[in-house]
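Chains as they are written, first to last, in the numbering used here: chain A, 24 to 131; chain B, 16 to 312; chain C, 268 to 901.
Bear in mind the hints are in silico, worked out from the structure with no lab data behind them. Warning: the hint list may mix true and false statements.
[Unchecked claim] Below 20 Å or equal to it, Euclidean Cα-Cα: the simulated SDA-like pairs (lysine to any residue) are:
#1 B/105 to A/112
#2 C/451 to C/840
#3 C/457 to C/516
#4 A/108 to B/182
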Amino acid sequence: MTSEYLILSAVLFCIGVGGVLIRRNPLVIFMSIELMLNAANLALVTFARARGDLGGQAGAFFVMVCAAAEVVVGLAIIVTVFRSKRSIDIDDMTLLSGAPGAEGGSLA
Amino acid sequence: MIAMIALDALTFWVSAPLIVIFALLTVLSRKTVHAALSLCALMVALGVLYASLQAPFLFVAQIIVYTGSVMMIFLFTMMLIGIDSAEDLKETLAGHRVVTAVGVFGLAGLLVFAVAGAVNGPEVGLEEANAAGNAVGIAELVFSRYAFAFEVASAMVVVAAIGAMILAHTERLSPRRRQRELLEERLRDWASDGADLGPRPGPGVYARHNSIEYPALGPHDAVVAESISETLVVRGSQSPPVSEMVAPARLAAAQVAPGGGAATAQTAQTGPLGRPPRAAGTASTARAIGADRKDRR
Amino acid sequence: MLSLDIIAMQAPVIFQVSWLLIAVPLLVAAVLLLVGDHANGVAPLLGVAGVAIPLGLAVTLLVTMLNLGEQSRAVTVSLYEWMSFVGGGVSFALLIDQLSILFVLLITGVGTLIFIYSCGYMADDPGRRRFFALMNLFIAAMLVLVLADSYLLLFVGWEGVGLASYLLIGFWQHKVSASLAAKKAFMVNKVGDLGLFAAIALMFTQFGSSDFHAVNARMDSSGSVVPVIMGFTLLLAALAKSAQVPLHTWLLDAMEGPTPVSALIHAATMVTAGIYLIVRSHAIFALAPSASLTVTIVGAVTIFVGAWIGATKDDIKKVLAASTMSQLGYLMVAAGLGPVGAAFAIFHLLAHGVFKANLFLGAGSVMHATGGETDMRVFGRLRRVLPWTCLAFFCGYLAIIGFPLTSGFYSKDHIIAAAFEQSMVTGVALAVGAALTALYMTRLWLLTFFGASRWDEDVKPHESSSIMVFPLVILGLASLGGGVALNAWIQGWLQPAIGNDVIAAPLIELTWQSEVAFGAVTLGVLTGWLLYRRPLAVQPSATTNPLVRAGANELGLNQAIDALIVRPGWALTSAVGAVETHVIEAGIDGIGSCATRASQQLHRMQGGNVRSYAGVVVIGTVIVVAALVIGIWL
Numbered sequence: 024m025t026s027e028y029l030i031l032s033a034v035l036f037c038i039g040v041g042g043v044l045i046r047r048n049p050l051v052i053f054m055s056i057e058l059m060l061n062a063a064n065l066a067l068v069t070f071a072r073a074r075g076d077l078g079g080q081a082g083a084f085f086v087m088v089c090a091a092a093e094v095v096v097g098l099a100i101i102v103t104v105f106r107s108k109r110s111i112d113i114d115d116m117t118l119l120s121g122a123p124g125a126e127g128g129s130l131a
Numbered sequence: 016m017i018a019m020i021a022l023d024a025l026t027f028w029v030s031a032p033l034i035v036i037f038a039l040l041t042v043l044s045r046k047t048v049h050a051a052l053s054l055c056a057l058m059v060a061l062g063v064l065y066a067s068l069q070a071p072f073l074f075v076a077q078i079i080v081y082t083g084s085v086m087m088i089f090l091f092t093m094m095l096i097g098i099d100s101a102e103d104l105k106e107t108l109a110g111h112r113v114v115t116a117v118g119v120f121g122l123a124g125l126l127v128f129a130v131a132g133a134v135n136g137p138e139v140g141l142e143e144a145n146a147a148g149n150a151v152g153i154a155e156l157v158f159s160r161y162a163f164a165f166e167v168a169s170a171m172v173v174v175a176a177i178g179a180m181i182l183a184h185t186e187r188l189s190p191r192r193r194q195r196e197l198l199e200e201r202l203r204d205w206a207s208d209g210a211d212l213g214p215r216p217g218p219g220v221y222a223r224h225n226s227i228e229y230p231a232l233g234p235h236d237a238v239v240a241e242s243i244s245e246t247l248v249v250r251g252s253q254s255p256p257v258s259e260m261v262a263p264a265r266l267a268a269a270q271v272a273p274g275g276g277a278a279t280a281q282t283a284q285t286g287p288l289g290r291p292p293r294a295a296g297t298a299s300t301a302r303a304i305g306a307d308r309k310d311r312r
Numbered sequence: 268m269l270s271l272d273i274i275a276m277q278a279p280v281i282f283q284v285s286w287l288l289i290a291v292p293l294l295v296a297a298v299l300l301l302v303g304d305h306a307n308g309v310a311p312l313l314g315v316a317g318v319a320i321p322l323g324l325a326v327t328l329l330v331t332m333l334n335l336g337e338q339s340r341a342v343t344v345s346l347y348e349w350m351s352f353v354g355g356g357v358s359f360a361l362l363i364d365q366l367s368i369l370f371v372l373l374i375t376g377v378g379t380l381i382f383i384y385s386c387g388y389m390a391d392d393p394g395r396r397r398f399f400a401l402m403n404l405f406i407a408a409m410l411v412l413v414l415a416d417s418y419l420l421l422f423v424g425w426e427g428v429g430l431a432s433y434l435l436i437g438f439w440q441h442k443v444s445a446s447l448a449a450k451k452a453f454m455v456n457k458v459g460d461l462g463l464f465a466a467i468a469l470m471f472t473q474f475g476s477s478d479f480h481a482v483n484a485r486m487d488s489s490g491s492v493v494p495v496i497m498g499f500t501l502l503l504a505a506l507a508k509s510a511q512v513p514l515h516t517w518l519l520d521a522m523e524g525p526t527p528v529s530a531l532i533h534a535a536t537m538v539t540a541g542i543y544l545i546v547r548s549h550a551i552f553a554l555a556p557s558a559s560l561t562v563t564i565v566g567a568v569t570i571f572v573g574a575w576i577g578a579t580k581d582d583i584k585k586v587l588a589a590s591t592m593s594q595l596g597y598l599m600v601a602a603g604l605g606p607v608g609a610a611f612a613i614f615h616l617l618a619h620g621v622f623k624a625n626l627f628l629g630a631g632s633v634m635h636a637t638g639g640e641t642d643m644r645v646f647g648r649l650r651r652v653l654p655w656t657c658l659a660f661f662c663g664y665l666a667i668i669g670f671p672l673t674s675g676f677y678s679k680d681h682i683i684a685a686a687f688e689q690s691m692v693t694g695v696a697l698a699v700g701a702a703l704t705a706l707y708m709t710r711l712w713l714l715t716f717f718g719a720s721r722w723d724e725d726v727k728p729h730e731s732s733s734i735m736v737f738p739l740v741i742l743g744l745a746s747l748g749g750g751v752a753l754n755a756w757i758q759g760w761l762q763p764a765i766g767n768d769v770i771a772a773p774l775i776e777l778t779w780q781s782e783v784a785f786g787a788v789t790l791g792v793l794t795g796w797l798l799y800r801r802p803l804a805v806q807p808s809a810t811t812n813p814l815v816r817a818g819a820n821e822l823g824l825n826q827a828i829d830a831l832i833v834r835p836g837w838a839l840t841s842a843v844g845a846v847e848t849h850v851i852e853a854g855i856d857g858i859g860s861c862a863t864r865a866s867q868q869l870h871r872m873q874g875g876n877v878r879s880y881a882g883v884v885v886i887g888t889v890i891v892v893a894a895l896v897i898g899i900w901l
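Chain A extracted, bound-state conformation (with noise of 0.2 Å):
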């Protein structure tokens, strides 16, 4: 059964990188990475029954923490963003690129 398991996390974080691409909501683009977060919860979860061993249950526990508290701050910059520029299209963040005239509004 193991490898029916890990082809399933495979896919379900395959399924999180192209949601990643494709999306222009930052709030969708979060749900994909938790996407990929959990697909590797899986594959953790899934080598813990094959090998005996609690360790990857407990690797796995870990990723929630990290999990929860990237979504904290990650929200938090997509409130505040949203606060300062009215919109939350992600093409429209373009502030590294330099360019002139990139940013869709002043971040003042």
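Assemble the complex: chain A is given as a structure, and chains B and C must be docked to it using the hints.
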């Protein structure tokens, strides 16, 4: 044992297609809230898989942490920035679809190829490790071998909470105006150009609906635009056209006072504080209530 | 080094404070330069103190050395470790021996008199604080030069006097000619500095040290090529510093500086540094006969060229400068003769330092009297108004032409005699030089002080103040009597330091060489008297004599150097400039524009779009995972 494996396989083959479908829905639904709900369902289904993978502690944690709190934060954020925002999935970057396809399918092929034969030999199973209970087993690991990682992770969570608060914090740029200042200003406005002293009407007051999307109506059916929540305005919520709201309101006003007409309506409007109508100020009062009340904000 | 230190510790304590010789004038210079205009009032006093204190110290040192035995007179005073490096080091050490103490006495003695004279001469100059500061700087640098115990430290002093000379020639910066003359002196001296620098570099590679002791000791085992190269590089250094043909051109222009500067730096002391260098390097030249011969030839040519130029110039200071060149030529010849002439070179150097300072200060007094005029054609009959100056000048005149019993007589006659012993050609050349010296000095003497007065009515000549006359008189007396005092003594004194031969030198000795020399001088004086005894026209007409015109043009050497070095230098510079502009700069610009264009192409990847970045990351991950999978699979 055979029954266990069979049950195990059954769980997997029921859950796995559901998980894949929910995952695709998460990634592909246009509305954000649909994506979030699909993800919730996916988390629950994954939790079921954890349970069948002899990880009851993670099953519980998955439900509580992910479905319970993480997804709640998502929905809360969505509420702040617009729950019904939908996204046009049409691609705007040239060649990005190709990059996505190559990336996703290439990675999928490679990963499946890599992990399909990754575990050889019989499964060991967790019966021995879970002998004292799964939660006890994990706790023994977390508080002994991974104690340092655990402390670091806890510190990280604290830092993340503080960071989120700092990010959400905004500096006050002008002195705070308390009740006293606000009242003084209101009275000044009333004294200088007869602005209404009363509280602003909430949305839906005298409107056709009491939905928050409907603006309040002032005297003479004037639409009080600022009675709508700013968040709704920013989000671009579509209010019904003004004409649609005004006509029934007028009708309603006429029904309330069949003979009195306008005078009755005025009386009704000036009622709340018992303030006597000003002889020459009637029209201006109505205008002031109906007009933009920027000066008060 | 250790043994020398022990010697220094055993030596009398006066040697231990010999660093004050250098420190005092240096401190005075620093104070005067740093304090600014507040020090204007005390500048002359401080300036004189800055050189008089070292004079007192030097006299004490000399007395101490006279009381010591011959073997313990030379003392190396090691002050501190200047620099250290793998395989050696250079200590900052002063070498006080029979040779350097004579130089110190000349520098500080003549220097003190010139400083006192300057108090009067520069009394009205607004920049006199700067003047005294720079003069003290020069004294300090010159003392470093002669007291150094290694060529490297000598080089420090060498550059220091060059700097001070540059600053003092251009003292009156507002005069374009002075600025140009300063620059010229500096540039020409740089050629010589290069020679000295090369010699020092060679010493370090060959001997690992530039100490005089070490170099002299290891010279014998250095083969046959090294001494010749060292000799010629040191000669190049001496040529420039001592204004020998063909690097003499700066000295005539250097007369743009104030007259005390000309007297101290460009007659008495700095220009003799080249001679000092050659005498100090006697061990090197002893092993390089070709270099010694070249020294002699150059000296002889310079005697002749200097005398020729001196006989034709009308500017009193330029005549004296040409005379300095010529006299330095005598020193060069004597130094080049080796052991037979080395002591006489130093003897004549000291004598010349005194009488040439006397002559320059006399010329300065004349200029002071006539409002800065230097053209001898408008002097005349000044003996009536400048009696003291005239008298002192006459002493210097007698000394330079070599009148019997004066200092120049003893020192020069010994050189001429030694030259005749070396070769007849050299001797004849020196005798001709002596005749020419007598000729141009007689011309100068007659034109300036005798004949009819030719100055303008509005010029009111007057005798200088006593503070200027006093040094003149002292120097005049020294010019007359110094020879008698030093004649018998100096050879034996210098012998341990420079290894010269000691020959009998009675006060009066009639040999055929001295008779030839005296005959040449008499001939020169008579010729001069015959030519210039007539009263000169008030407005002399331009001469047509080609010899005179060539001399007044400094034999065309300036033009030759201009055509041979300066113009090709300019052409080379502009060619290099063109290469810089059209090749190097264009190449660098090309690299820059290539990079700009390439980055403009790369910029497209940096669209700032997060999703494209994510796409790149994913593709990169795919490639890495593919590599891993393929690697494991294979």
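(message) Check the hint pairing residue 108 of chain A with residue 182 of chain B against an upper bound of 20 Å on the C-alpha distance.
(response) Since the Cα atoms of residue 108 of chain A and residue 182 of chain B sit roughly 15 Å apart, the hinted pair holds (cutoff 20 Å).
(message) Just to be careful, I want the Cα atoms of residue 451 of chain C and residue 840 of chain C compared with a cutoff of 20 Å; is the pair within it?
(response) Distance ~18 Å between residue 451 of chain C and residue 840 of chain C Cα, so the pair holds.
(request) Please work out if residue 457 of chain C and residue 516 of chain C have their alpha carbons no farther apart than 20 Å. (result) Holds: residue 457 of chain C and residue 516 of chain C sit about 13 Å apart, inside 20 Å.
(request) Please work out if residue 105 of chain B and residue 112 of chain A have their alpha carbons no farther apart than 20 Å. (result) OK: residue 105 of chain B and residue 112 of chain A at ~13 Å, within 20 Å.
Comparing the model with each earlier hint shows no violations; every hint is respected.
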